[in-house]
Structures are given as structure tokens and as C-alpha cells.
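Dock chains S, F and A against chain Z, hints included.
Residue numbers (my numbering), protein chains in the order written: chain Z, 73 to 193; chain S, 73 to 193; chain F, 73 to 193; chain A, 73 to 193.
Keep in mind that a hint or two might mislead.
It does not matter which identical chain is used: a pair holds within one copy or between any two.
Said to hold, decoys possible - Straight-line Cα separation of at most 30 Å, BS3-like style, residue types lysine-lysine; simulated pairs:
1. K77 to K114
2. K162 to K122
3. K111 to K77
4. K136 to K122
5. K136 to K77
6. K162 to K131
7. K132 to K77
8. K132 to K111
9. K162 to K114
Derived by calculation from the structure, the hints in this document are not laboratory data.
There are 4 protein chains.
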Amino acid sequence: MSDEKYFQDITPRERAIFEGAITMGALFHQFIGTPVSIKTAKSLERAIEKSMQLQPCIKKVEVKIDREMLEEALNEYQYISLTEDMLNVKVISEYGEVRIVVRMRYVEELHYPLMYVESVD
Amino acid sequence: MSDEKYFQDITPRERAIFEGAITMGALFHQFIGTPVSIKTAKSLERAIEKSMQLQPCIKKVEVKIDREMLEEALNEYQYISLTEDMLNVKVISEYGEVRIVVRMRYVEELHYPLMYVESVD
Amino acid sequence: MSDEKYFQDITPRERAIFEGAITMGALFHQFIGTPVSIKTAKSLERAIEKSMQLQPCIKKVEVKIDREMLEEALNEYQYISLTEDMLNVKVISEYGEVRIVVRMRYVEELHYPLMYVESVD
Amino acid sequence: MSDEKYFQDITPRERAIFEGAITMGALFHQFIGTPVSIKTAKSLERAIEKSMQLQPCIKKVEVKIDREMLEEALNEYQYISLTEDMLNVKVISEYGEVRIVVRMRYVEELHYPLMYVESVD
Numbered sequence: 073m074s075d076e077k078y079f080q081d082i083t084p085r086e087r088a089i090f091e092g093a094i095t096m097g098a099l100f101h102q103f104i105g106t107p108v109s110i111k112t113a114k115s116l117e118r119a120i121e122k123s124m125q126l127q128p129c130i131k132k133v134e135v136k137i138d139r140e141m142l143e144e145a146l147n148e149y150q151y152i153s154l155t156e157d158m159l160n161v162k163v164i165s166e167y168g169e170v171r172i173v174v175r176m177r178y179v180e181e182l183h184y185p186l187m188y189v190e191s192v193d
Numbered sequence: 073m074s075d076e077k078y079f080q081d082i083t084p085r086e087r088a089i090f091e092g093a094i095t096m097g098a099l100f101h102q103f104i105g106t107p108v109s110i111k112t113a114k115s116l117e118r119a120i121e122k123s124m125q126l127q128p129c130i131k132k133v134e135v136k137i138d139r140e141m142l143e144e145a146l147n148e149y150q151y152i153s154l155t156e157d158m159l160n161v162k163v164i165s166e167y168g169e170v171r172i173v174v175r176m177r178y179v180e181e182l183h184y185p186l187m188y189v190e191s192v193d
Numbered sequence: 073m074s075d076e077k078y079f080q081d082i083t084p085r086e087r088a089i090f091e092g093a094i095t096m097g098a099l100f101h102q103f104i105g106t107p108v109s110i111k112t113a114k115s116l117e118r119a120i121e122k123s124m125q126l127q128p129c130i131k132k133v134e135v136k137i138d139r140e141m142l143e144e145a146l147n148e149y150q151y152i153s154l155t156e157d158m159l160n161v162k163v164i165s166e167y168g169e170v171r172i173v174v175r176m177r178y179v180e181e182l183h184y185p186l187m188y189v190e191s192v193d
Numbered sequence: 073m074s075d076e077k078y079f080q081d082i083t084p085r086e087r088a089i090f091e092g093a094i095t096m097g098a099l100f101h102q103f104i105g106t107p108v109s110i111k112t113a114k115s116l117e118r119a120i121e122k123s124m125q126l127q128p129c130i131k132k133v134e135v136k137i138d139r140e141m142l143e144e145a146l147n148e149y150q151y152i153s154l155t156e157d158m159l160n161v162k163v164i165s166e167y168g169e170v171r172i173v174v175r176m177r178y179v180e181e182l183h184y185p186l187m188y189v190e191s192v193d
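Chain Z extracted, bound-state conformation (with noise of 0.2 Å):
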């Protein structure tokens, strides 16, 4: 890509890395208080990780909306806004030679979504 310039600074692990973090912190923040149900998760879904695959390095996207918390939910209204502790995100990015893993979950013991970097090869 043209953008190389841009990036000499840094390794193929940390680009990986950088864009893998990117693509995470973007998920995140433009689909929380989408309105969801047990009938549209799958759709969601789908639509979340075609969306952000598009992001540069990112080979994959893993969306898993948690049905157990949808059915729990449901007011009268029979759909809820996505939350943060429903998600749970693998996304894996490539540069060079190296890929990554960064997940997404939300970890009890820290009461926090957490995003780490799951996996380097």
C-alpha cells in the first residue's frame, strides 16, 4: 500500500498489532445501543464482521452476540440495545508475515470489556 510511508517507525508485529487495536476500539464504539433481539443477533452479526473485515489488515472478524443474555433481557418491548458485556470479538489481523489476535470480552473479575492481544504467530 501507499500508506507505507506512514508506518517506518514501526515492526510488521506492531503494525499488525496497531491495526488489529484499531479495528477493535471501532467495533466497539460504532455498534453498542444497536437494538437487538434473538430474531436479528445472526444478522448483526454477520453484518459487524463483513463491515469491519473491510478495515486495512484485518483478515477476519468473529462476532458472538450472547443469547442467553438476549433471552434474559427481554421487557415488553422484546429487544434490548446492545451492551458491552454481550459481546465477545475475535479479530485477527495480518501484516507481512505476522498475525494477530485481539479479542474482546468482558471479564467478570475486572468488570471491563477487556480487549488483549489473544495470539501472535
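Frame of chain Z; chains S, F and A shown alone:
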């Protein structure tokens, strides 16, 4: 619905307008900025429609993302962020016997993505 | 405004309801998910108010983010994401001689962040 | 922080890059679409900065919204939605003794709001 006590001051027609308008404002501000390309536009349109149809009184949502703009706007990254001028949306809301069509489209003469009531039945 | 031809089928009262509802839906879906803490809540409230007051027919927006929830929810990261149950909002819209107050607050009995028309003058 | 076990496979420098990148992706997708005008731009800049500075390892965020574009773009509604080409952002993240500057600005030659690592100390 048990929320009816909150809507005693307005007519069924006003309620349908109210709910249709909420959904249009919500749709715009939830999804603007989403990465999109020719290849993912359809999946995104369907996911937007399904999620916004969950909202109260909403019977149908039709979303069209401008394919020509997607083609023209392409950079070397092969995708762009969803912008207001690419969206053409119909939201159909019903309450009692009233049916409202709320529309959003970019109006060139106003330089603005206008939301308006297209019809009332 | 020169957009009046788009609103010929609805009354001034309906127009005020329409614009107030758009702004409430927009506010919710634009800002849900924003990082917030006790220290930044006031700045965020003011920025939300100022930005949403820009929309057509909107005279005033009042946003309150629940400080108790911010305090209780604190994890070791010292902030959380803005959620629907922390928001209490009033949007005042006017068209012609009509003034509408649209309200959003989390209603416990509905388990839902209800948006409704609080008053019409 | 007690989240350190999740970051054992990466270096301090990579951690700083990771957290800076998350915040840049988050900032973009949280706030794109927000109504903004010459009068409200400063309040919005400050609120974005304060909210994004809450994220892990983020020491400083500087947001500039292009005032010329706000002036040129004005329609009869006297505001527009925040778009990618109006944003110029610096995010400074630190971990251990490493300090990273992540930058986002619209790069004309790429037709793209590029996020990149501007410096590493």
C-alpha cells in the same frame, strides 16, 4: 402496551409520527461511520432494517445505500465510511389505525439529509 | 425555512413532536457507549446538549448522567461506558406557537429507556 | 493493573501501540455523525478529549475540528454532521517507559482518514 399512560396527551397519529421520528434519528446516528463497500452494502442494509424494525410501532424499514457513490468513492482501501448523502431510508410506523411513512434522503437543494413525513394514512 | 414544502401534510404540533423525537433518538444512539467518569460527566453533558440543540426546531436540551451509577459502577479503570439507564434527558422543541417537551428516562417497571411526550403547550 | 496477565505476550512498546490504536478507532466511530457548528466545536473537542483520555494508558488526547470546513459547509440549518475529513487527532499513550503518539488526519493523496504511529519514545 403498558406504556400507554405515558402517551395520554397525544393522538394515535402523533404517536405514530413520534415513533417513526425516533427510529429515523436513531438509525442515522447509530450507523453513520460504519465501514462499507459494494460487497458489504447489502448485508449492512439488511442488518440496519432488521435492528430498527425492533423499535416500538415500527412495521417496516427500507434502507438503500447508494451504490454509485460507493463505486466512485473507492480509494485504495476499497471501502469508505457510511455518510449521510449515501442513505435513502423509509420507516413505516403504525399506531392504532394510523400508518405513517417517514423518509430520509439527502436533498441537494438543502445540502442536508432531510427527515420528513412522506405520507399519513 | 425552505424545507416547508416537505411538511405540508402535518400540523405545527405534529412537526414539533416529529423534530423532538428525531433529536431524542439521535442523542441516544450517538452517545451511548462513550467513556465517562465522575470527572468528565459534566463536560459530556454540556457537549451533548450543545450538539443536539443544533437540530431543527430544538430550543433546549437538558442531559443528566446519573452520578450515583457512575460512583457505584467504578472498576479499576475508573470509568465506564455510557449506558441507557444512566441517562435522563429533556428535549424542548418548538414549531410555530407549539412547544413540546420530549423526555427520556429509564423506567424500571418497563425495563426500558422510555422516550415519551411529557407535555404539549 | 490486574489485567497484566492478559498482556504477557507483548512488549511495553506494543502495549502502548495497542492502547493508542484502540482509542483512535473508538474516538472515530463514537463521534462521527455528531451535529456540530462553529459555535459548538470547542465544547465537542473538549468532551471528546476528556472522554477518550479515560481509556487505559492514554495520557493525552488532542482533537481539532476543522473550522474552515465548518464555515464552508454551512447550509440553512447552520450545522453539519461531523465527518472524517474534519478531524485531526493526536492520542498519546504510555506504558512503562514507552510513549507513543498515534495520529489521525485526512490524507488527501490516500482519500482516507489515516491512523498511524507518528512517533515512539
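* **Status of K111 relative to K132 across identical chains (alpha carbons, at most 30 Å)** => both (24 Å within a copy, 15 Å between copies)
* Is it within a copy, between copies, both, or neither that the alpha carbon of K162 lies no farther than 30 Å from that of K122? -> both (13 Å within a copy, 24 Å between copies)
* For K162 vs K131, is the C-alpha pair at or below 30 Å within one copy, between two copies, both, or neither? -> Cα proximity of K162 and K131: in one copy and across copies (11 Å, 27 Å).
* At most 30 Å between C-alpha atoms: does K77 with K114 qualify within a copy, between copies, both, or neither? -> neither (39 Å within a copy, 32 Å between copies)
* Asked: How would you label the pair K136, K77 (within, between, both, or neither) given a Cα cut-off of 30 Å?
  -> For K136 and K77, only the inter-copy Cα distance (24 Å) is at most 30 Å; the intra-copy one is 36 Å.
* Asked: Is it within a copy, between copies, both, or neither that the alpha carbon of K136 lies no farther than 30 Å from that of K122?
  -> both (13 Å within a copy, 17 Å between copies)
* Can you give me the call for K162 and K114, within, between, both or neither, at a CA distance of at most 30 Å? => both (16 Å within a copy, 23 Å between copies)
* **Up to 30 Å CA-CA - K77 versus K111, copy category** => Between copies only: 29 Å across, 46 Å inside.
* At most 30 Å between C-alpha atoms: does K132 with K77 qualify within a copy, between copies, both, or neither? -> both (25 Å within a copy, 25 Å between copies)
Of the numbered hints listed earlier, the single one contradicted by the structure is hint 1.
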